[in-house]
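Given only the sequences and the hints, what does the whole structure look like? Please build it.
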Amino acid sequence: MPHQASLHSFHIPVMGLGFTVDTPLKVAQFGISSVISIMDDFLLEDMRRIYSERYELEFNPITEQEEDYRAKRITAYLDLVHDIIALQVHDLKIADWESDEKFHQFLQILPNGHSLLALLGHYFEANTEEKEVLRKRILPMISPGAIDVNIMTKVDKLNYSESGEILPREYSDALSALRGFATSKLQASVVFSAGLNPALYSYAERFSDFFPDETGNIKKRIILKVSDYRSALIQGKFLAKKGLWVSEFRIESGLNCGGHAFATEGFLIGPILEDFKNNRQELIDTLKSACNQVLEGKNYPLLTDSETVKITYQGGIGTAQEDSFLRTHYQLDGTGWGSPFLLVPEATSVDEDTLQRIIEAKKSDFFLSHASPLGVPFNNLRNSSGEEQRRARIEKGRPGSPCYKKFLSFSTEFTQTPICTASRQYQHLKSKQTEKGEATYNELQAVLEKDCLCEGLSAPAILAAGDTPRRNLKAVTICPGPNLAYFKGVFSLKQMVDHIYGKFALALDPERPHVLIKEAQLYADYLKKEFQKIIPETAAKQEAYLEKFRGNLQAGLAYYQDLVNSLQMDSEEILEKMKQQLKELQTEIESYRPVLSF
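In case it helps, numbering that gives the first Met the number 0 puts the sequence shown at residues 0 to 597.
Among the clues, some could well be false.
Heads up, simulated BS3-like pairs for lysine-lysine below, C-alpha to C-alpha not over 30 Å straight-line [said to hold, decoys possible]:
#, residue 1, residue 2
1, 71, 473
2, 240, 218
3, 547, 582
4, 361, 528
5, 404, 184
6, 395, 362
Since the hints were derived computationally from the structure, they do not count as laboratory data.
What follows is the structure in structure tokens.
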């Protein structure tokens, strides 16, 4: 069975642990798809309690004493989300379409020219008999946006029993999360991000919902978030060889995105999207052939002829013109709009204090940090309450965070049982090591940059709901993409969606570069900083890598120069500005050299 046609051409990607944890409950009824992170079962349990109270539903806590409590909490929250949204959509369907406020909101945010608008136009003008006929055609089209979930594949800590024994592999964080999703009521997709996790991908084979049923329907689908075509092909083949079909490749900019940033080797998004465009059919044919071969061997129904792969892009899109160009030129099935929705309380969960901090932030406050204990660059906000708390703890001589959730506990440098590098325990031990002269001052400073993402990224959802986070840990870490620096103000859902579709234009900072240029600038800045890091011991190897990076970046800029000279991809004013910026970037990149001479 092919994908159900979406009412909208964009989706809201996962943002942090908490910013989109209840986004489907806010926007799915309007046909907008979004993604929930299911990594923090403590947060999901709290949100289940909050929404159970709000909807006057029975709430039975799932305690940490219960076997497999993590997966059970995830299933319970997703089932609640499923049931509430089903109720919301049912209410839309039975409403008086001519007077119901929610139904009119549903209509007003549809893209211009949508077939549903034309049908409803006829419906409103029809007589009673005609209305009944039209109503039967319209009802199936009133469908919720996808309620998808995200599992960051690197967050896959092994867990221990109360007696200290290591639990079997299926009780690791990522596998438990997948089990929680797989056993839920949802007909939805899991988005795997951050690269291939063989154990996690293989574990999906255990659940029949990931395979076609007798009608060809796949109840639980797989979406891969990737940074380039090669990664898509490798991961897609790995899954296909297990009979697991990838329904969508969600391409994300390496640097012009929120959250963790996975930089490519200088490959820019334009050439990457061109790769997907040119090789799309080959990718589909390769994966479908491999997948069907395995399905046949497993005695599952084969993928239908109409089953295809969606290709979408997310990262730094800021205008309707950019969105339209990317979808049209690269033949995309949709786009993702993330960070701008942090300014839309109707869509995301951002507490009032953090919302004001975002609005007041300067461009320089949006920066790529080393805050993540995963050791991956992390987009951060300098004036967030989380950053303030981190700095205050250092000034008080008590660096690091209390570590309760332990999702990022991977270091065994000082302890037999893994601990988190952002924890107070680890940072105290690193400080003592430095005092003894066994670690350098620079090594200590790098460790002190680490922050508790488990608490900081989940707190805003609890605070925005008017509740208090566990242990009163209220400091918020926020992970916006650089694009958010150019949006100022608080917007309604209709305003943001109208902006995406070009019905209305938000007043963006006039200095905002085109999405393609902004990413190139970020990569140029990244390259410059990498040249500054070269040290004598590994100079030859580092320089060889950076020269390759520079070559890829220059090739990408040349591609863009051809693009702006041959296509009317935006206004003349913006195209002229892009041409000038590309020339400046080429000159700048050619000038980069190591800071030291050896």
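Could you tell me which of the hints above the structure violates, numbers in ascending order? none
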